[in-house]
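Hints are included, so try docking the two chains, each in its own frame, into the full complex.
The listed protein sequences correspond, in order, to chains V and A.
First residue of the first sequence: 0, per numbering that gives the first Met the number 0; consecutive thereafter.
First residue of the second sequence: 0, per numbering that gives the first Met the number 0; consecutive thereafter.
Just so you know, the hints here were simulated from the structure itself, not pulled from any lab data.
Hints are not guaranteed to be accurate.
Stated by the list, open to error - Stretch by stretch, here's where chain A covers chain V in the computed footprint (C-beta under 8 Å, at least three residues): (1) 69 to 80; (2) 147 to 160; (3) 186 to 200; (4) 223 to 232.
Here a beta-carbon is modelled for each residue, glycine too, at the ideal position from N, C-alpha and C.
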Amino acid sequence: MKYTFKVYRFNPETDDAPRYQTYEVDCEEGWTVLDALNYIKWYLDGSVSYRRSCRHEICGSCAVMMNGKNGLLCNTQVKDLGSKTITIEPLKGFPVLKDLIVDMDLFIERLKAVNPFFESSEPPTDREYYQSPEDRAIIDDAVNCILCGSCTGSCPSFWYNPDYLGPAALFKAFRFVYDSRDTAAAERLELVDDHNGLWRCHTIFNCMECCPKNLNITEGIQYLKRLAFMRKI
Amino acid sequence: MRYKGSLRSGGAFGWFYQRLSGLVLIVLLLVHWGIMHHGPKTADGIEYLDVATRLATPFWKTFDLLFLVLGIFHGMNGLLMIVRDYVRVPWQRGALYSIVVLLGLVFLILGALTVISFQVKYPA
Ligand code: SF4
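Chain A on its own, in the form it takes in the complex (with noise of 0.2 Å):
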């Protein structure tokens, strides 16, 4: 049974997922500054291929992927509870759902292209 002025049942996981992925965006996030700006580097400074060497083992493929999935879900997740919150007309909060939606997929799919196909390119 719903009350008179519910919106829809549910909301229960994408509140979960928000505190879970939140927490290891944390953690994440931590690693990533930490190796981008302390990591090992040459002398002259961090270089294309102190990042790229790295960036193209499977466990920094791994590790980005990861970080990437849980980004782009937490941020869509966010926007549509933003979305939820603020636009009350059925349609334009259905145009703006499918506007966030897409373009959390496009950037998903361009982020897990460029993550998984990135090879190192030596210098001639």
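So here's chain V without its partners, still in its complex pose (with noise of 0.2 Å):
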């Protein structure tokens, strides 16, 4: 079937201004928008910009805005787009090095602004720290984040103010803090009871609707204010 992609071009060392180009691709059943850009950049115009790395939603590298909505190219259906002519264009609110390409420079420096790693106060024994199936059931969604960048590039908040932590790092947040072998949550609600970071999240809900693991942010980040909330009182 015939579909139409409009993809946005831009190359800041040349380009005065973003523009669009169309491109006619006949998609074979049960392509990918993936599928779609991979024929245009093999067949039609080698200098179509892009990432993408595992093709099975696991490295988080192929976020993009479709028809207006932000996911990876690679989970992504052509025909689920649901519209003959399909608009691609970069996540938004990062600054943008080629194409579809953005820097996530910005994305990676808020993640690391929450410790985005295990700690504990307790001494390491020969055994794993033990976590009942129930305690890990709280964390699975958080868990199961790869990172990719869609929600935040989904984020009103967010493109407004690049100084917000923005839903995947406070999602990150939310992870360690409710982990049962966690003992650092006073320093990370601490980090992030802050007017750039919980404080700006105004449950938008962009974010979890465009989550391509449809991982539930906004509650992990209600969660979250809730304790820093309880912890004032």
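Next up, the structure:
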């Protein structure tokens, strides 16, 4: 079936302004948008730039905006987008390096700000740190995050304030604060309890609507807010 | 320790106040609407005396004061949040903060004066 792909093109080094380039692609049944973009790059126009790696929604590198909604190129089927013309644009809120490739430094920096690693004051034993299945279930969603950036790039609070930690970083904070084995919850809560942290989230829900792993990000952030408030009273 | 990009610690109370006052305001609003539109009235509809005699009682004065205080601070808090979201130049933000707080206080005083000092003026 024939589809029209409107691809965002911009090279900040040579172009004054971004433009859209249109390609007609005859897509086979079951093609993902990544298949279509690969077809464009390999057979129609080798200069189109985008990130991709695993093709199995594991690496999180191919997050872009398709028809106005963020998601992964590799797990979005062309026919599921519901239109004959498909617009592909880079994630909003990040500087564009070229075409669909954005600079993710800011994203990583915000992530690092919440100490995204396991911390325990208990001395290691010769066994693993035990966690019951019930305790693990609380953070199941957050553990499954692949750090694609779709959520942060969909958040209006982030578009306007790049200093905002953003949903992905807050969700990572939730992942460790609610980890029954982690003992650094107080420090982490202190970090996110900030006008550019937790309280910049206005529960817009864009993040969880576009998350390609269907994770309940907003709920995680709300739990953190509750805890941050409770520890003050 | 603050991270790079941190604006200011805190925000938890503002967040909680907004939720709590929002809930109470819904109840107050419904009561206000009910009593204003479906409360006691004369045959010709709602007249000055119907409203004024009610407003002069301690119960309704307290009710309206609560309404006023919660409403003003709810609105002020919301405006401050919007300013914080959209105004990123520090001096502009500071100026707008001050204007919002000042306006809030002026309206609070005006409203409180009206409610507290209100007396019924019986028609001659
Ligand atoms: S929470 Fe979802 S959208 Fe956000 S980075 Fe993780 S996988 Fe991507």
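Here's how the hints hold up against the structure:
no.	hint	result
1	69 to 80	violated (count 0)
2	147 to 160	holds (count 3)
3	186 to 200	holds (count 11)
4	223 to 232	holds (count 4)
When each numbered hint is compared with the structure, a violation occurs for hint 1 only.
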